[in-house]
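Starting from the given sequences, assemble the full structure and let the hints guide the process.
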Amino acid sequence: VAVTLLSTMKRFALLSLLASLYLHDAAATGSDIDERKNFGKRIAGVYFVTETTTGVQHLISLWADGNFQGISAEQEGGVPEFNPFSDQVGTWKKTGKREITAKVIDMT
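So the sequence shown is residues 16 to 123, counted in this note's numbering.
Errors might be hidden in some of the hints.
To be verified - In silico DSSO-like links for lysine-lysine, alpha-carbon gap of 30 Å or less: (1) K108 / K118; (2) K109 / K56; (3) K118 / K56; (4) K56 / K108; (5) K56 / K112.
Unchecked claim - Per label pair, the in silico range of CB-to-CB distance: (6) G111 / S76: 16 to 22 Å; (7) K112 / G70: 25 to 31 Å; (8) K112 / A88: 27 to 33 Å; (9) I86 / K112: 23 to 29 Å; (10) A88 / N53: 28 to 34 Å.
Derived by calculation from the structure, the hints in this document are not laboratory data. Backbone N, C-alpha and C define an ideal beta-carbon position, used for all residues, glycine too.
Listed below in structure tokens is the structure:
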């Protein structure tokens with residue numbers, strides 16, 4: 016999982032997670048709105064993710080309606096360049112065919 020820090024939010028690009036999922040292409044007859052709803056239904060679930068850069072492990076919950084919750088195994092902070100915190104709550108949105116971006120509140 017690639018992680019980029021924002022001033023008051025953390026952005027989780029979950030490309031590597033979603034690339035490993037088997038996602039069917041959207042039906043050509045469906046509208047964009049229906050396709051987005053179906054995408055959410057297909058990826059909704061709980062995922063165990065290990066960051067490739069830091070090795071920090073997360074338990075991530077994605078809901079079909081765009082809600083996001085994560086729990087980090089690194090509760091005391093991580094390496095100086097990245098200080099994760101235990102619980103993350105926020106939203107996610109589709110940003111590519113097999114990619115989402117989640118924005119979470121940073122209470123640190």
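Could you check the structure against the hints above and give me the numbers of any it violates, in ascending order? none
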